[in-house]
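**Student:** Read off the chains here:
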Amino acid sequence: MKKQNETVTKSRLGHYPVWFLIPLGIIFLVLYIIPTFSSLYYSTQRWTLFDSTFVGLDNFASFFNDPFLLGGLLNTFLYAFLTSGLKVVVGMLFGVLLMSNIKFRGLLRNIVFFPVLVSTIGVGLTFQELLRPQVGLLHQALSVFGIPEAGLLGDPGTAIFAIIAVDVWKGVGLATVIYLAGMASIPSDYYEAAKIDGVSSFQNFRFIVLPLLRPATNTVIILSLIGGFRSFDLIWSMTGGGPGYASDVLASLVYKQYQSGFYGLSTAGNVVMFLLILILVVPLNRFLTKREVEL
Amino acid sequence: MKLQAFKRKALLVAASSAVLGLSLSAITPAQAAPKVQITWLVNNTSTVTGPANEIIKDFMAKNKDIQVVLTMRPGGTDGDNIVKTKLATKTMDSIFTYNTGALFQALAPSKTMVNLAAEKFQSNVDTGFKNAVSVGKNIYGAPFGTVMGAGFYYNKTLFSGAGITSTPKTWPAVIEAAKALKAKYPDVAPICASFGSSFTAQIYVLADYYNVHARIPSFTANYTAGKAKFASTPVALRGFQKLAEASSFFNSDKNTMTRPGASAAMSNGTCAMYPWQTSFNATLTADAQARTGFFAFPGDSAGDYGLTTWLSDAAYIPTTTTGAKLVAAKKLVAFIASKAGTDAYVRANGYTAPFLTKDQSAAPDTVAPAVKDLAALLKSGKTYPALEFLSPVKGPNLAAIMVDLGNQRTTARDAAARYDKDVEAAAKQLGLPGW
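Protein chains in written order, with our numbering: chain D, 649 to 943; chain P, 13 to 447.
These are calculated hints, taken from the structure and not from any lab test.
Note that the coordinates shown come from a computational prediction; the quantities given were computed from them, not determined experimentally.
Even for Gly, the Cβ is constructed at its ideal location relative to N, Cα and C.
One or more hints might be untrue.
To be verified - Label-pair restraints from in silico Cβ distances:
id, chain 1, residue 1, chain 2, residue 2, range
1, D, F698, P, K74, 50 to 56 Å
2, D, I681, P, N65, 46 to 52 Å
3, P, S313, D, L688, 51 to 57 Å
4, P, A130, D, I674, 46 to 52 Å
5, P, K74, D, L705, 54 to 60 Å
6, D, G805, P, K74, 54 to 60 Å
7, P, A302, D, F880, 44 to 50 Å
8, P, K391, D, A813, 51 to 57 Å
9, P, N65, D, Y689, 41 to 47 Å
10, D, V783, P, K74, 41 to 47 Å
11, D, L688, P, T101, 39 to 45 Å
12, D, L669, P, T101, 33 to 39 Å
13, D, P671, P, Q16, 47 to 53 Å
Please model the complete structure; the sequences and the hints are all you need to start from.
**Tutor:** This is how it looks when you write it as structure tokens:
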């Protein structure tokens with residue numbers, strides 16, 4: 649009898665017995681599950697950190713009635729999709745370049761990846777100085793091509809795009825590394841077969857590399873999209889969501905509410921952000937992985 | 013044998029290190045009684061850290077058993093954030109300085125601060141100030157700094173060069189002056205804005221309050237009760253409209269210029285006018301101060317000309333300071349509010365305006381022109397406190413809303429409506445009745 653039970657337990661949960669999973673289960677419960685539910689709880693309270701009163705869905709109503717929410721949402725979508733798209737394209741191009749036999753390939757790979765390792769706040773503050781009107785090095789260099797006199801970060805119309813550019817500069821290294829790993833895992837049989845058939849390098853790329861890179865592409869899309877939706881550090885350190893509300897995204901709007909002392913409202917905003925990302929990314933992930941090709 | 017030899021060696025080492033230790037302790041001088049160390053959290057602008065350091069120097073000279081360490085935080089909304097978070101997580105320094113009035117109320121003082129009503133120094137403090145740092149009968153702060161007004165600092169040389177003969181006393185006169193300056197000096201910004209320090213954008217609404225009160229004395233009470241709104245009260249809406257009207261004369265780098273940047277611009281003449289509080293004069297160079305004047309934030313007609321005033325910041329003690337540190341902290345707070353404290357303050361910033369205590373430093377005979385202008389305004393009696401000292405509710409997002417308006421991305425009425433919503437949220441958060 650005992651033997652039968654043991655087999656049932658093992659096969660249901662994989663290779664490990666149940667008690668093996670309990671430590672991780674506790675960590676997951678305390679650090680992930682409980683905070684999620686406490687967030688849901690506090691989002692229905694008017695919370696002063698010292699006491700709280702129940703207000704039902706008032707916080708959510710206030711959040712959706714925020715006149716700056718629409719602009720913030722638009723900026724969030726713009727930021728997420730633009731950074732994701734650019735990282736996919738530029739990352740793949742770098743991947744192809746750094747896979748080929750060029751001189752200093754190792755050094756170039758390190759250089760491309762280096763910005764990923766640097767502190768986001770450090771990058772934000774550095775670029776804020778570089779883009780300072782009149783005195784910033786980058787501002788002076790770009791003035792040749794014609795940029796607003798107020799600076800890229802000082803002009804409400806261009807601020808978010810400047811931040812997007814810096815975000816891509818910082819994050820493309822990670823996409824590149826993922827693509828390099830993806831390309832390395834393509835069996836050379838395909839290339840040899842293609843060579844025998846006499847395909848051009850462009851056809852090689854389009855019909856062999858690209859489809860077989862789909863798992864890598866999906867990873868890059870999902871990771872950069874989620875990161876883009878959640879992005880806060882870079883925006884806050886470069887413009888603080890400014891000028892005014894011009895470069896605000898959901899995360900910085902929520903932070904501004906927290907700064908104002910509206911703790912319940914900002915928790916509600918966080919819940920909304922969580923649900924939004926969930927609703928957008930889960931179906932997308934399912935759609936993308938369905939089309940993956942098994943190597 | 014080996015073990016015995018080892019034991020002997022170990023004993024020898026132990027004995028010699030003991031002798032060494034004893035002799036070293038004989039060499040070092042007798043330790044003084046341990047000092048009580050307290051920390052003081054201040055805003056990191058030079059007009060605050062300068063006086064704070066002078067006060068600490070004088071205080072430690074008089075109290076050799078106390079050591080005060082100055083710690084700093086940013087100003088603006090980041091500063092509000094830090095102060096609120098430190099109080100909430102009970103990690104606040106031994107004493108800290110912060111605004112008075114509505115901003116003080118937002119810190120939940122009866123829960124977070126030590127009641128100083130029974131302290132001896134309170135007899136030296138002005139009653140008007142006490143009101144701004146009390147909840148009921150409990151007084152929580154001591155005055156740090158001077159009375160302030162708010163208005164326009166202007167470059168007298170540029171004004172006379174542009175043919176402006178009289179100091180503007182109405183808002184239309186300010187616009188006329190700006191136009192004349194733009195015509196005569198195309199490379200100079202007639203009015204500077206420093207949205208890089210976003211909290212400075214609020215001045216157009218906050219400094220206009222004298223003019224609002226002059227027309228509608230009942231606005232304060234109705235506003236606190238939730239009945240009067242900025243968007244629907246034409247006189248109150250003027251502050252927002254004035255920013256919109258001034259925005260066409262702003263400097264091109266308005267969104268990246270900080271408040272210290274504005275000091276530099278006013279000092280080197282690339283800025284003709286800059287509206288801000290009267291703590292600004294001390295940040296200008298001596299040469300610039302000699303040619304910079306000050307006029308109050310004007311209303312729409314000459315009869316309305318008066319000054320909106322700010323009470324100084326205050327030093328508070330959080331409830332987390334206890335025991336010997338609390339005794340030391342109370343001594344420091346008493347020192348700050350005494351004449352010795354104001355003397356140290358004047359040594360750092362120069363004399364700018366009266367303090368909020370009865371016994372205080374005397375005004376010197378020669379002062380900068382802007383200081384003279386301010387003194388004349390204060391003497392005239394045509395002054396009224398800013399709204400945040402008369403009402404416990406102030407919307408925390410006014411700065412960002414004003415920056416938006418200053419960039420002409422919205423209309424004055426929309427900005428005012430947004431601020432009304434912000435005030436409503438703040439009032440509900442405070443649990444005020446009737447909202």
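**Student:** Work down the list of hints and note, for each, if the structure agrees.
**Tutor:** How the hints compare with the structure:
Between F698/D and K74/P, the C-beta spacing of about 37 Å breaks the proposed range 50 to 56 Å. Checking the proposed 46 to 52 Å range against I681/D and N65/P shows it holds: the Cβ atoms sit about 50 Å from each other. Against the hinted window of 51 to 57 Å, the Cβ-Cβ separation of S313/P and L688/D comes to about 55 Å, which satisfies the hint. Range check, A130/P to I674/D: Cβ separation about 50 Å, and the 46 to 52 Å hint holds.
Taking the beta carbon of each, K74/P and L705/D are about 58 Å apart, inside 54 to 60 Å as hinted. Hint check: G805/D to K74/P, Cβ distance near 57 Å, so the stated range 54 to 60 Å holds. Distance hint for A302/P and F880/D: a CB-CB separation of about 46 Å, consistent with the stated range 44 to 50 Å. Remark: the range hint 51 to 57 Å for K391/P to A813/D is upheld by a beta-carbon distance near 55 Å.
The hinted window of 41 to 47 Å between N65/P and Y689/D holds, with their beta carbons roughly 46 Å apart. Roughly 45 Å separates the CB atoms of V783/D and K74/P, a value that falls within the hinted 41 to 47 Å. In this structure the hint that L688/D and T101/P lie 39 to 45 Å apart at CB is violated, the actual value being about 22 Å. Evaluation of the 33 to 39 Å hint for L669/D and T101/P yields a pass: the beta carbon distance comes to about 34 Å.
Between P671/D and Q16/P the C-beta distance comes to about 51 Å, which sits within the given range of 47 to 53 Å.
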